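With the hints as constraints, model all of the structure from the sequences given.
Those protein sequences? They're chains D and W, same order as listed.
Be aware that the first sequence starts at 0, since it is given in numbering that gives the first Met the number 0, and climbs by one per residue.
Be aware that the second sequence starts at 0, since it is given in numbering that gives the first Met the number 0, and climbs by one per residue.
If you're looking for bench data, these hints aren't it; they were derived computationally from the structure.
Keep in mind that the hints are not guaranteed to be accurate.
Which copy? The list can't say, so a pair holds if one copy fits it or any two copies do.
Said to hold, decoys possible - Distance condition first, Cα-Cα at most 25 Å in a straight line; then the derived SDA-like pairs of lysine to any residue:
hint, residue 1, residue 2
1, Lys163, Thr100
2, Lys224, Ser249
3, Lys233, Thr222
4, Lys311, Thr52
5, Lys233, Arg159
6, Lys215, Asn97
7, Lys311, Gly9
8, Lys215, Val162
9, Lys208, Tyr46
10, Lys163, Leu257
11, Lys235, Thr89
This one's a predicted model, so the numbers in the text were calculated from it and none came from an experiment.
Number of protein chains: 2
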Amino acid sequence: MQNRVTTLFGIQYPIVQAGMVWNSGWKLASASSNAGILGLIGAGSMYPEVLRTHIRNCKKATSKPFGVNIPLLYPHIEALMDIIVEEGVTIVFTSAGNPKTWTSWLQNHHITVVHVVSSLKFALKAQDAGVDAIVAEGFEAGGHNGRDETTTLTLIPMLRAQVKVPLLAAGGIATGNAMMAVMALGADGVQIGSRFVASTESSAHEAFKQAVVLAKEGDTQLTLKELAPVRLLKNKFYEELQALYKTAPSTEKLKAFLGRARAKRGMFEGDLEQGELEIGQISGLIATIEPVSAIVAAIITEFKACQTRLSKLNLNTKNDH
Amino acid sequence: MQNRVTTLFGIQYPIVQAGMVWNSGWKLASASSNAGILGLIGAGSMYPEVLRTHIRNCKKATSKPFGVNIPLLYPHIEALMDIIVEEGVTIVFTSAGNPKTWTSWLQNHHITVVHVVSSLKFALKAQDAGVDAIVAEGFEAGGHNGRDETTTLTLIPMLRAQVKVPLLAAGGIATGNAMMAVMALGADGVQIGSRFVASTESSAHEAFKQAVVLAKEGDTQLTLKELAPVRLLKNKFYEELQALYKTAPSTEKLKAFLGRARAKRGMFEGDLEQGELEIGQISGLIATIEPVSAIVAAIITEFKACQTRLSKLNLNTKNDH
Chain D
0 MQNRVTTLFG
10 IQYPIVQAGM
20 VWNSGWKLAS
30 ASSNAGILGL
40 IGAGSMYPEV
50 LRTHIRNCKK
60 ATSKPFGVNI
70 PLLYPHIEAL
80 MDIIVEEGVT
90 IVFTSAGNPK
100 TWTSWLQNHH
110 ITVVHVVSSL
120 KFALKAQDAG
130 VDAIVAEGFE
140 AGGHNGRDET
150 TTLTLIPMLR
160 AQVKVPLLAA
170 GGIATGNAMM
180 AVMALGADGV
190 QIGSRFVAST
200 ESSAHEAFKQ
210 AVVLAKEGDT
220 QLTLKELAPV
230 RLLKNKFYEE
240 LQALYKTAPS
250 TEKLKAFLGR
260 ARAKRGMFEG
270 DLEQGELEIG
280 QISGLIATIE
290 PVSAIVAAII
300 TEFKACQTRL
310 SKLNLNTKND
320 H
Chain W
0 MQNRVTTLFG
10 IQYPIVQAGM
20 VWNSGWKLAS
30 ASSNAGILGL
40 IGAGSMYPEV
50 LRTHIRNCKK
60 ATSKPFGVNI
70 PLLYPHIEAL
80 MDIIVEEGVT
90 IVFTSAGNPK
100 TWTSWLQNHH
110 ITVVHVVSSL
120 KFALKAQDAG
130 VDAIVAEGFE
140 AGGHNGRDET
150 TTLTLIPMLR
160 AQVKVPLLAA
170 GGIATGNAMM
180 AVMALGADGV
190 QIGSRFVAST
200 ESSAHEAFKQ
210 AVVLAKEGDT
220 QLTLKELAPV
230 RLLKNKFYEE
240 LQALYKTAPS
250 TEKLKAFLGR
260 ARAKRGMFEG
270 DLEQGELEIG
280 QISGLIATIE
290 PVSAIVAAII
300 TEFKACQTRL
310 SKLNLNTKND
320 H
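Given below as structure tokens:
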């Protein structure tokens with residue numbers, strides 16, 4: 000499929016494997032790129048020199064294009080950006096910050112820049128900042144999320160009407176049917192997160208992968224809205240948080256309760272009780288842990304079957320019965 | 000288009016105009032049925048004898064099938080059900096209550112029964128109760144809403160995997176593209192609410208219709224979760240509610256603040272400041288007030304154009320570039 004997204008990144012399918020803290024190192028990114036989609040290393044959970052190692056390993060493991068996702072609120076952002084340039088990374092996805100700050104600098108270093116947004120307002124800001132493409136992420140997405148709570152189904156057409164650059168849909172997409180759905184809404188491609196958490200190559204702890212596979216409809220919730228909204232799997236930590244909420248806690252109390260390194264503890268170290276388990280609503284549909292190549296093949300097969308099925312729908316506009 | 004939904008209701012297009020309190024009387028329902036979709040009278044805001052009048056007027060205004068939406072928590076439910084049977088209504092959509100209570104009784108009176116749900120658990124309960132079809136309504140929908148906060152994009156495929164009866168998607172659907180999107184996910188048809196609020200024939204107050212047209216992305220919010228979650232347009236009443244929330248109010252205080260008849264005041268009487276303005280997220284995409292016939296024609300035209308566009312997508316699975 001040749002479209003604006005495949006051309007922009009030089010990939011076979013208009014699919015991006017989301018850069019996710021604690022889940023997406025060089026193994027996942029290179030497996031994704033080797034499967035014909037765009038793999039992303041998630042730099043948000045890496046010290047600068049750890050990122051350098053991941054980039055180098057990724058280059059050894061694939062000759063295909065790959066990228067790095069960088070949350071712009073990262074404390075050592077300058078160090079990360081220098082490594083990006085030094086190591087010859089050609090694609091950067093930025094999120095959680097002002098796209099004006101780094102976009103031109105990166106583009107001046109011949110890097111393609113994509114910014115992740117959760118609302119129309121931020122999409123237009125990103126477009127004004129000159130980004131090469133936009134990822135629009137709906138309320139159902141795992142991890143950190145927007146304050147407007149706009150869902151993918153409503154966000155994509157509202158952005159499509161005003162955004163000129165290539166638009167990738169994210170949040171709630173784990174299958175070929177959902178990929179077709181968002182392309183019906185006007186997306187040029189998709190970014191998929193949760194399904195790749197439950198892949199053989201993700202760096203998620205095995206216990207977290209199993210928890211994703213076992214998750215059912217209604218098992219995730221967007222919470223911690225007073226700090227930064229985050230969607231996570233409901234567990235003991237979440238239940239304790241709900242108990243705390245009943246006491247109308249200050250943000251200081253919330254921060255103290257949250258503490259540090261909960262995300263690492265949950266997703267990377269496998270503490271299912273006290274860790275923060277960031278995952279999307281669509282985890283309720285994910286039933287297996289498979290290699291990335293099998294996941295991509297299944298998505299493409301389903302996408303084609305969906306296309307055939309939809310092409311046979313025949314709206315009866317002649318006979319009024 | 001002949002499918003399970005058009006056959007079940009005897010309609011031309013697999014589209015249902017949602018039954019909505021204060022918005023959908025006989026004028027909207029009959030206009031919808033005359034346009035080839037299923038029109039619904041929303042009984043939730045009507046006294047029993049008012050409903051009887053609406054049913055009689057609807058029968059005079061259309062020879063096509065139409066139905067009535069009944070929230071099962073309605074206080075005079077027996078009186079409503081008797082009127083449904085006495086007036087020969089053939090299709091009933093039930094919501095907000097246990098589908099076991101009335102489904103068999105209605106079906107014994109040769110009435111087709113559809114139940115509205117917001118989660119997989121309730122969908123399976125409705126199927127067990129023997130309903131003829133299910134409407135699955137996502138988090139983005141206007142008005143009263145589920146506690147799981149599952150979006151349409153994630154809810155439909157999770158239900159499709161386990162629900163055998165015809166499945167209609169609701170929440171976030173106002174266009175032919177969105178109709179195609181949910182059919183890609185496995186829905187047999189759609190229920191559309193917000194777009195019909197902004198129709199010439201809806202009984203919404205003109206000021207409310209204008210507010211819907213002016214709404215932008217991020218202008219609605221799901222709130223009042225302690226009582227019954229409801230999605231509404233943010234207005235002065237909503238802002239005052241947020242101020243109250245900061246005091247950690249009891250549910251009694253919330254109820255007292257809410258008072259009575261806020262929905263009527265906002266949607267029917269046009270008090271945009273103190274009324275409750277129930278509308279979906281997709282209001283951000285609705286830009287005009289049109290007759291129902293024009294809305295349906297536009298949806299069908301867009302659906303067909305979308306089908307043509309999607310049929311041309313060609314996944315390049317042979318050449319690995």
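* To do: Could you place Lys215 and Val162 in one of the four classes (within, between, both, neither) given a Cα distance threshold of 25 Å?
  => between (34 Å within a copy, 15 Å between copies)
* **Intra- versus inter-copy proximity for Leu257 and Lys163 (alpha-carbon distance at most 25 Å)** => neither (40 Å within a copy, 43 Å between copies)
* Homo-oligomer pair classification [Ser249, Lys224; C-alpha up to 25 Å] -> both (12 Å within a copy, 20 Å between copies)
* How would you label the pair Lys208, Tyr46 (within, between, both, or neither) given a Cα cut-off of 25 Å? -> within (24 Å within a copy, 53 Å between copies)
* From the Cα coordinates, with 25 Å as the cut-off, is the pair Lys233 and Thr222 best called within, between, both, or neither? -> This pair counts as both: shortest intra-copy Cα distance 10 Å, inter-copy 21 Å.
* Evaluate Lys215 and Asn97 at a C-alpha cut-off of 25 Å and name the case that applies: within, between, both or neither. => between (35 Å within a copy, 22 Å between copies)
* When no copy is specified for Lys311 and Gly9, does a C-alpha distance of 25 Å or less occur within a copy, between copies, both, or neither? -> between (32 Å within a copy, 20 Å between copies)
* To do: First find the shortest C-alpha distance between Lys235 and Thr89 inside one copy, then the shortest across copies, and answer within, between, both or neither for a cut-off of 25 Å.
  => Neither: 41 Å inside a copy, 48 Å across copies.
* To do: Have a look at Lys233 and Arg159 and pick one of within, between, both or neither, based on CA distance no larger than 25 Å.
  => between (33 Å within a copy, 24 Å between copies)
* Given a CA cutoff of 25 Å, do Lys311 and Thr52 count as a within-copy pair, a between-copy pair, both, or neither? -> Close neither inside one copy (50 Å) nor across copies (42 Å); limit 25 Å.
* Asked: Between copies, within a copy, both or neither: which fits Lys163 and Thr100 at Cα up to 25 Å?
  -> So Lys163 and Thr100 pass the 25 Å test inside one copy only (21 Å; across, 52 Å).
Of the numbered hints given earlier, the model fails hints 4, 10, 11; all others are met.
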